[in-house]
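Once you have looked at the hints, place chain B on chain A.
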Amino acid sequence: DTAVSQTPKYLVTQMGNDKSIKCEQNLGHDTMYWYKQDSKKFLKIMFSYNNKELIINETVPNRFSPKSPDKAHLNLHINSLELGDSAVYFCASSQRTGEYIQYFGAGTRLSVL
Amino acid sequence: SQQGEEDPQALSIQEGENATMNCSYKTSINNLQWYRQNSGRGLVHLILIRSNEREKHSGRLRVTLDTSKKSSSLLITASRAADTASYFCATGGNTPLVFGKGTRLSVIA
Numbered sequence: 173d174t175a176v177s178q179t180p181k182y183l184v185t186q187m188g189n190d191k192s193i194k195c196e197q198n199l200g201h202d203t204m205y206w207y208k209q210d211s212k213k214f215l216k217i218m219f220s221y222n223n224k225e226l227i228i229n230e231t232v233p234n235r236f237s238p239k240s241p242d243k244a245h246l247n248l249h250i251n252s253l254e255l256g257d258s259a260v261y262f263c264a265s266s267q268r269t270g271e272y273i274q275y276f277g278a279g280t281r282l283s284v285l
Numbered sequence: 052s053q054q055g056e057e058d059p060q061a062l063s064i065q066e067g068e069n070a071t072m073n074c075s076y077k078t079s080i081n082n083l084q085w086y087r088q089n090s091g092r093g094l095v096h097l098i099l100i101r102s103n104e105r106e107k108h109s110g111r112l113r114v115t116l117d118t119s120k121k122s123s124s125l126l127i128t129a130s131r132a133a134d135t136a137s138y139f140c141a142t143g144g145n146t147p148l149v150f151g152k153g154t155r156l157s158v159i160a
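These protein sequences, in sequence, are chains A and B.
Numbering-wise (my numbering), the first sequence opens with residue 173 and increments by one.
Numbering-wise (my numbering), the second sequence opens with residue 52 and increments by one.
This is chain A alone, in the form it adopts within the complex (with noise of 0.2 Å):
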């Protein structure tokens, strides 16, 4: 089983579309992350919630918006994509808030052209 799954892995499309990834945790955590890693693999957080309340909220463009329909999910949909958004997007999940271990997934890989 795996504990932070998230889909799809890779995700390339046109300059202007809108996507959206989704998240899943099955630890039972209260706490999840989306984090934006660039090529250079900087990992910069995007967002964060607890209890499906949104605690962190950086500095993102208005184009993404995180949905949390239960503490076990969080989705990422992302309008008019630019070639900018091109990124590794990964979701995490901890225990609760603060510096608890996080459980990562495995990445979403986008490419915007």
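Hints should not be assumed to be uniformly reliable.
[Stated by the list, open to error] Label pairs and their calculated CB-CB ranges:
1. A:181 <-> B:59: 25 to 33 Å
2. B:69 <-> A:192: 40 to 48 Å
3. B:95 <-> A:251: 25 to 33 Å
4. A:212 <-> B:71: 17 to 25 Å
5. B:117 <-> A:268: 21 to 29 Å
6. B:81 <-> A:225: 40 to 48 Å
7. B:69 <-> A:255: 38 to 46 Å
8. A:226 <-> B:71: 35 to 43 Å
9. B:79 <-> A:228: 15 to 23 Å
10. A:252 <-> B:111: 45 to 53 Å
11. A:214 <-> B:102: 20 to 28 Å
12. A:251 <-> B:111: 41 to 49 Å
13. B:96 <-> A:235: 45 to 53 Å
Hint data in this document are derived by calculation from the structure and do not stem from the laboratory.
Even glycine gets a Cβ: it sits at the ideal position worked out from N, Cα and C.
For chain B alone, coordinates are given in the frame of chain A:
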């Protein structure tokens, strides 16, 4: 701003040698964690050291923490080709973890 900074950015060693990576950070922490990322995969937690600990071991991994210098080191002993990966430190305080930029380790067989 980014909390942890790993050093070196890249490291290449022969199989069997030891690999040492360093992490420096700026503010007070509750713990410091090290993660590994294999190519094309997500990060995997390796070891956590609390702010009141100075050294911790896990298998071939040894982590030290010096809170006075705000630095940590990760030592991998008797490295193997399978240790080839990027290694990230992450600092934990009252906010979620903040990750460094990573050290890319290449172990040559």
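Okay, the hints, checked on the actual structure:
1. A:181 <-> B:59: 25 to 33 Å: holds (31 Å)
2. B:69 <-> A:192: 40 to 48 Å: holds (45 Å)
3. B:95 <-> A:251: 25 to 33 Å: Check passed, 32 Å falls within 25 to 33 Å.
4. A:212 <-> B:71: 17 to 25 Å: holds (22 Å)
5. B:117 <-> A:268: 21 to 29 Å: holds (27 Å)
6. B:81 <-> A:225: 40 to 48 Å: Check failed, 22 Å falls outside 40 to 48 Å.
7. B:69 <-> A:255: 38 to 46 Å: holds (42 Å)
8. A:226 <-> B:71: 35 to 43 Å: holds (39 Å)
9. B:79 <-> A:228: 15 to 23 Å: holds (20 Å)
10. A:252 <-> B:111: 45 to 53 Å: Holds, at about 47 Å.
11. A:214 <-> B:102: 20 to 28 Å: Check passed, 25 Å falls within 20 to 28 Å.
12. A:251 <-> B:111: 41 to 49 Å: At 46 Å between Cβs, range holds.
13. B:96 <-> A:235: 45 to 53 Å: At roughly 31 Å between Cβ atoms, residue 235 of chain A and residue 96 of chain B fall outside 45 to 53 Å, so the hint is violated.
Checked against the numbered hints given earlier, this structure breaks hints 6 and 13; the rest are met.
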